[in-house]
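For the record, the sequence lines run as chains X and R. Using this note's numbering, read the first sequence as starting at 114 and increasing by one per residue. Using this note's numbering, read the second sequence as starting at 62 and increasing by one per residue.
Each hint should be verified, as a subset may be incorrect.
[Claimed, not checked] For each label pair, taking beta carbons as the anchor points, the in silico distance ranges come out as:
{"no.": "1", "chain 1": "R", "residue 1": "E239", "chain 2": "X", "residue 2": "N411", "range": "44 to 50 Å"}
{"no.": "2", "chain 1": "X", "residue 1": "N247", "chain 2": "R", "residue 2": "S81", "range": "53 to 59 Å"}
{"no.": "3", "chain 1": "R", "residue 1": "L84", "chain 2": "X", "residue 2": "A301", "range": "49 to 55 Å"}
[What the hints assert, rightly or not] So, partial list: chain X residues that the calculated Cβ filter (under 10 Å) puts toward chain R:
{"no.": "4", "residue": "E137"}
{"no.": "5", "residue": "N222"}
{"no.": "6", "residue": "H227"}
{"no.": "7", "residue": "I229"}
{"no.": "8", "residue": "V234"}
{"no.": "9", "residue": "G239"}
{"no.": "10", "residue": "I240"}
{"no.": "11", "residue": "F242"}
{"no.": "12", "residue": "A270"}
{"no.": "13", "residue": "L273"}
{"no.": "14", "residue": "I380"}
{"no.": "15", "residue": "L406"}
{"no.": "16", "residue": "P422"}
{"no.": "17", "residue": "V431"}
Rather than coming from a laboratory, the hints here were simulated on the basis of the structure. We put the CB at the ideal spot given by N, CA and C, even for glycine.
Chain residues, written in single-letter form:
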Amino acid sequence: MKKLQKADYIKMYSFMLKIRRFEERAAQLYGMGKIGGFCHLYIGQEAVVVGILMTIDKNDSVVTTYRDHGHMIARGLDPKRIMAELTGREDGYSAGKGGSMHMFSKENNFYGGHGIVGAQVPIGTGIAFTHKYNGEKNICRTYIGDGAMNNGQVFEAFNLAALWKLPVLYIIENNKYGMGTSVDRAAAGLDLYKRGEAFGIPGEKVDGMNVFSVIEAADKAGKYVREGNGPYIIEVQTYRYRGHSMSDPAKYRTKEELDNYKQTDPIEIVKAEILKKKIATNDEIEKINKDTLDEIKNAAEFATNSAFPKDSELYTDVYL
Amino acid sequence: MSTEILMPALSPTMTEGNLSKWLIKKGDIVKAGDLIAEIETDKATMEVEAVDEGVVLDLLFKEGEANIPVNKAIAIIGDPNEKIVLKKEALIEKVIEEKKIEKNIETKIENKKTDIIDTPSPKIEEDRNLSSEEITMRQALRDTMAEEMRKDNKVFILGEEVAEYQGAYKVTQGLLEEFGKERVLDTPISEHGFTGLAVGAAFKGLRPILEFMTFNFSMQAIDQIINSAAKTLYMSGGQINCPIVFRGPNGAAAQVAAQHSQDFSSWYSQVPGLKVIAPSTPYNAKGLLRSAISDPNPIIFLENEILYGLKGPVNNNVNFSIPIGKANIEKEGKDLTIVTYSIMLQKSKEAALRLKEEYNLDAEIIDLQTLRPLDTETILNSVKKTNRLITVEESWPFGSVGSEIANIVQRDAFDYLDSPVIKVNSADVPMPYSLSLEKLYLPQVDDIINAAKKVSYIK
Numbered sequence: 114m115k116k117l118q119k120a121d122y123i124k125m126y127s128f129m130l131k132i133r134r135f136e137e138r139a140a141q142l143y144g145m146g147k148i149g150g151f152c153h154l155y156i157g158q159e160a161v162v163v164g165i166l167m168t169i170d171k172n173d174s175v176v177t178t179y180r181d182h183g184h185m186i187a188r189g190l191d192p193k194r195i196m197a198e199l200t201g202r203e204d205g206y207s208a209g210k211g212g213s214m215h216m217f218s219k220e221n222n223f224y225g226g227h228g229i230v231g232a233q234v235p236i237g238t239g240i241a242f243t244h245k246y247n248g249e250k251n252i253c254r255t256y257i258g259d260g261a262m263n264n265g266q267v268f269e270a271f272n273l274a275a276l277w278k279l280p281v282l283y284i285i286e287n288n289k290y291g292m293g294t295s296v297d298r299a300a301a302g303l304d305l306y307k308r309g310e311a312f313g314i315p316g317e318k319v320d321g322m323n324v325f326s327v328i329e330a331a332d333k334a335g336k337y338v339r340e341g342n343g344p345y346i347i348e349v350q351t352y353r354y355r356g357h358s359m360s361d362p363a364k365y366r367t368k369e370e371l372d373n374y375k376q377t378d379p380i381e382i383v384k385a386e387i388l389k390k391k392i393a394t395n396d397e398i399e400k401i402n403k404d405t406l407d408e409i410k411n412a413a414e415f416a417t418n419s420a421f422p423k424d425s426e427l428y429t430d431v432y433l
Numbered sequence: 062m063s064t065e066i067l068m069p070a071l072s073p074t075m076t077e078g079n080l081s082k083w084l085i086k087k088g089d090i091v092k093a094g095d096l097i098a099e100i101e102t103d104k105a106t107m108e109v110e111a112v113d114e115g116v117v118l119d120l121l122f123k124e125g126e127a128n129i130p131v132n133k134a135i136a137i138i139g140d141p142n143e144k145i146v147l148k149k150e151a152l153i154e155k156v157i158e159e160k161k162i163e164k165n166i167e168t169k170i171e172n173k174k175t176d177i178i179d180t181p182s183p184k185i186e187e188d189r190n191l192s193s194e195e196i197t198m199r200q201a202l203r204d205t206m207a208e209e210m211r212k213d214n215k216v217f218i219l220g221e222e223v224a225e226y227q228g229a230y231k232v233t234q235g236l237l238e239e240f241g242k243e244r245v246l247d248t249p250i251s252e253h254g255f256t257g258l259a260v261g262a263a264f265k266g267l268r269p270i271l272e273f274m275t276f277n278f279s280m281q282a283i284d285q286i287i288n289s290a291a292k293t294l295y296m297s298g299g300q301i302n303c304p305i306v307f308r309g310p311n312g313a314a315a316q317v318a319a320q321h322s323q324d325f326s327s328w329y330s331q332v333p334g335l336k337v338i339a340p341s342t343p344y345n346a347k348g349l350l351r352s353a354i355s356d357p358n359p360i361i362f363l364e365n366e367i368l369y370g371l372k373g374p375v376n377n378n379v380n381f382s383i384p385i386g387k388a389n390i391e392k393e394g395k396d397l398t399i400v401t402y403s404i405m406l407q408k409s410k411e412a413a414l415r416l417k418e419e420y421n422l423d424a425e426i427i428d429l430q431t432l433r434p435l436d437t438e439t440i441l442n443s444v445k446k447t448n449r450l451i452t453v454e455e456s457w458p459f460g461s462v463g464s465e466i467a468n469i470v471q472r473d474a475f476d477y478l479d480s481p482v483i484k485v486n487s488a489d490v491p492m493p494y495s496l497s498l499e500k501l502y503l504p505q506v507d508d509i510i511n512a513a514k515k516v517s518y519i520k
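Build out the structure end to end from the sequences listed, making use of the hints.
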């Protein structure tokens, strides 16, 4: 497995914390009416995307679902411009035309942010197709929610990826609920990672609350895919602390269940490891905490002061 | 500096909330992420987290207090040494300011254009240098794809039976042999999957030509066409375009009944972000397909199975193209205008001959070639000359391309019309199987003649 340096630990901690603080601030701005529409928070799932992206090459591609704010932060994108997209302003990554669910950064090989459940799976497979077609050694990481695992096009994509040996790493973010329906009420057969077996796609299940487990799996799977062996599936067991979207009171689960997961908080796990390994002192951690809080505060400030798109923007970007 | 914690809107419809429980008390130190209160909304009781850090200086409402408006301060946190100033006025001003912004947005929307966004029709003169030999529509399409694949390595073709089988309708004959299996790909029967894959490949810079065995099967994939291919340029603020051609036969074949005989021209023409093309001859099929493959946007290229065998001269210049968005005046005339496209061009031409012979009516025929963007200028100029208009198309009547043309003409050339616009469409029923019923379903030459007589007030 990838040998983690001291800087890696700090990077992991910082990114996960940045995602957490960003989402909390987004919730606040939503509460103030600055963010509208659907807004899906990533709180609780931070170890998944940060763990996966610790093994990424800068020319690799990423495509994900509508729960995408954390994915963009982990890809190294600017929280200011992400937040500005949430507030629908001209400085947003999609110039205010996409919103929370539809954000892209082509220069960073981040291909969205997709609002239709399952749609990103064939799209990610097609991006992987392009890497192969062009003879590039890059891979496309394609994230899938547990809810999408019962969607037909996902299996069509699995079949194509295995048939054409495409360099695509599928990551199932199993946060236990597709909106209000628990996985066991939606899926016949709970081992989602085994759903590629019929196509000959290897899969494994990983503890998604522990970033170190995620990195280990991502590293192994990434190598397999990059070496031209075809697709690979990682099912990451995670949990979202918040409801499906901002307006979901999450009555379909118990407070005990939520509290239980909070006992294994992904950020606390990394923090404990940093302190145990004496990579940073408590004071240094506090400094990161404060800097992160300030950075996100500034992002919110920026996003609420950025201008709304000009009227004329309504008619641009329909055709190239 | 102190910070006010405001009553949050926890759902899009919430305007006020009840403070069920405080999870902090005065003097507590609060960190970002700590739970501070339980708020009862119109839907449920939810926990609220702190996003700012500091000491709780004051709680402004007691537990159990109800109907607290959204955005009203409920607590103050900050530096314990700082004097507490309740900035109520400032807060009210802020809310008023926000309302103003909202108002402002509403006004903007009042001024929106309802017009369809058309890229203006390019004023390019076509090179009408025709070959002496005649080839079929099928060959014209195949040749154009091969020519473009030779020019640009990023162009590839995928679809069911396009490679080994040489195409269900032989439109891709010989392509596998010339370009190999990396660029001519047989797909499994999984339209949703391979359409999404092709869209992803186009996002990443390739230029796929995707063949639907027939457009009936594009229904399996329509989410990827509409929601992914057509909208992503817009939703990404102009970053990610989708240079792809979706092509294949559209419309009625012969006695294949309701599920395999239908016309989707108006469905796709309704969608901003797509361009829709419907060729009618080998000549324009070549010119239009070349433009389609070179275009940076997603294109719906509607062929017609019955026209695949139609022979005609073509322009053999490998750079010859017909601009998208330009209609062709197939025949000039002075008494009435017939606007049509695809296979109905043939029937319209037959009708025009008979109209001349039997009723001495000189019809002008416009072949749209592109349905979106629509060449409204050519249509309007013709109507201003002839003062009468019929539209002829194979689609169902409700909301068809002809409906939109009728709308544009009544709006922009009302004073030029000497009679109401009449549309000729297929019957408003699913396509029947039986030969006799099928004939009744489709627009026939007699239907066109009757419509022409009607707009000319001939009994």
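Q) Broken hints, numbered, in rising order? A) Of the numbered hints, 1, 3 do not hold.
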